[in-house]
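> Please arrange chain R on chain E, whose structure you already have, making use of the hints.
There are 2 protein chains.
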Amino acid sequence: MEKIKIETNAYVYPMPMVLVGTTVGKRANFMAVAWVSRINSKPPMIGVALGKTHYTNAGIHENKSFSVNIPGMDLIEKVDYCGLVSGKNNDKSQLFDIFYGELPNTPMIRQCPLCLECRLVNPVDLPSNTLFIGEIIGTYTEERFLTDGKVDIRKIIPFTLSMPDNNYWGVGNNAGKAWSIGKNLKKTG
Amino acid sequence: MEKIKIETNAYVYPMPMVLVGTTVGKRANFMAVAWVSRINSKPPMIGVALGKTHYTNAGIHENKSFSVNIPGMDLIEKVDYCGLVSGKNNDKSQLFDIFYGELPNTPMIRQCPLCLECRLVNPVDLPSNTLFIGEIIGTYTEERFLTDGKVDIRKIIPFTLSMPDNNYWGVGNNAGKAWSIGKNLKKTG
Numbered sequence: 029m030e031k032i033k034i035e036t037n038a039y040v041y042p043m044p045m046v047l048v049g050t051t052v053g054k055r056a057n058f059m060a061v062a063w064v065s066r067i068n069s070k071p072p073m074i075g076v077a078l079g080k081t082h083y084t085n086a087g088i089h090e091n092k093s094f095s096v097n098i099p100g101m102d103l104i105e106k107v108d109y110c111g112l113v114s115g116k117n118n119d120k121s122q123l124f125d126i127f128y129g130e131l132p133n134t135p136m137i138r139q140c141p142l143c144l145e146c147r148l149v150n151p152v153d154l155p156s157n158t159l160f161i162g163e164i165i166g167t168y169t170e171e172r173f174l175t176d177g178k179v180d181i182r183k184i185i186p187f188t189l190s191m192p193d194n195n196y197w198g199v200g201n202n203a204g205k206a207w208s209i210g211k212n213l214k215k216t217g
Numbered sequence: 029m030e031k032i033k034i035e036t037n038a039y040v041y042p043m044p045m046v047l048v049g050t051t052v053g054k055r056a057n058f059m060a061v062a063w064v065s066r067i068n069s070k071p072p073m074i075g076v077a078l079g080k081t082h083y084t085n086a087g088i089h090e091n092k093s094f095s096v097n098i099p100g101m102d103l104i105e106k107v108d109y110c111g112l113v114s115g116k117n118n119d120k121s122q123l124f125d126i127f128y129g130e131l132p133n134t135p136m137i138r139q140c141p142l143c144l145e146c147r148l149v150n151p152v153d154l155p156s157n158t159l160f161i162g163e164i165i166g167t168y169t170e171e172r173f174l175t176d177g178k179v180d181i182r183k184i185i186p187f188t189l190s191m192p193d194n195n196y197w198g199v200g201n202n203a204g205k206a207w208s209i210g211k212n213l214k215k216t217g
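Here the protein sequences line up with chains E and R, keeping their order. The C-terminal position of the first sequence is numbered 217 in this note's numbering, with every residue numbered one higher than the one before it. The C-terminal position of the second sequence is numbered 217 in this note's numbering, with every residue numbered one higher than the one before it.
With the rest of the complex left out, here is chain E (with noise of 0.2 Å):
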């Protein structure tokens, strides 16, 4: 088939929906975050690019720490109003039962079921957003979103994010093992 050339503000499908916590002036705050990776393998570190405009950065800066909390589904309509209004005009310390591990200032979410405390290592410049990385330096969940020690996809219930559409899709059916299903395809002798 023929390939056409769209618009190049394109996406990747889907993006995980988050939450990065912070506190700015005092009062803890939560945005909702799809643009979040991890970026390095040792030591564990993840990136959240935020547009420089939002009022998250300035106590990531502050702090030179943040939170990245996954929430499940249950949590689907609160998550979506972290994304619709800013901590500048509404105090969202509230929306949430909160706890902190090791590093003040960290607000991390009791009812996310996976959640990473992280240490800024360092923020990236870009040309409209900031790169936050950060080094995860806690990870926190619960028992029940375990199997066999391991965190359980199908148990903490995710969900993702598909722009420019902007819709929340939960996650389907398991499509096989990864580093595996491929093997047939590997030349023989």
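If you're looking for bench data, these hints aren't it; they were derived computationally from the structure. Here the structure is a predicted model, which is why all the values come from computation and not from measurement. Where hints are given, some of them may not hold.
Repeated chains share a single entry, so a pair holds when one copy, or any two copies, can fit it.
Unchecked claim - Distance condition first, Cα-Cα at most 30 Å in a straight line; then the derived DSS-like pairs of lysine-lysine:
| no. | residue 1 | residue 2 |
| --- | --- | --- |
| 1 | 205 | 116 |
| 2 | 178 | 106 |
| 3 | 116 | 80 |
| 4 | 205 | 215 |
| 5 | 106 | 211 |
| 6 | 106 | 54 |
| 7 | 70 | 92 |
| 8 | 183 | 31 |
Coordinates of chain R only, in the frame set by chain E:
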């Protein structure tokens, strides 16, 4: 419920699967990557975080470009294969039909529903990985993957990865409109 601490090598759920294309030693090569995210809004930029020992990295450094190809579920075995074997010892250039856009030595995959052609902006050196930041200068798809002029996730049928359990997952059901379903939590008046 009580939070417990687990190992810090934690992930986001789920991660989008892409194939990163480049030319290494005059041969097109493709690498399976899940550590990928948009990282800048204007101009559109994307980041891929590759372990430093990967064969692909030399090609990106040399050509100052790479492609991000979003495969449909029909390519899952080939994608997994691309993650199983290195281009150093295996010719992956014949796995797909290749096309080129504006950048030389930046192969894209005709069988992928969505292909992003990226000019290297900046490689960010991290301890074990290099984060390659690219500006998207060309986006290629087909009419059949669009709805109302926008890429339709239900038509491209992408898949995702969870770690450390190493499973692939399809995209699930629509879970609502983003920047919308949280509106009822806004305080009125």
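> For this structure, which hints from the list above don't hold up?
No numbers; nothing is violated.
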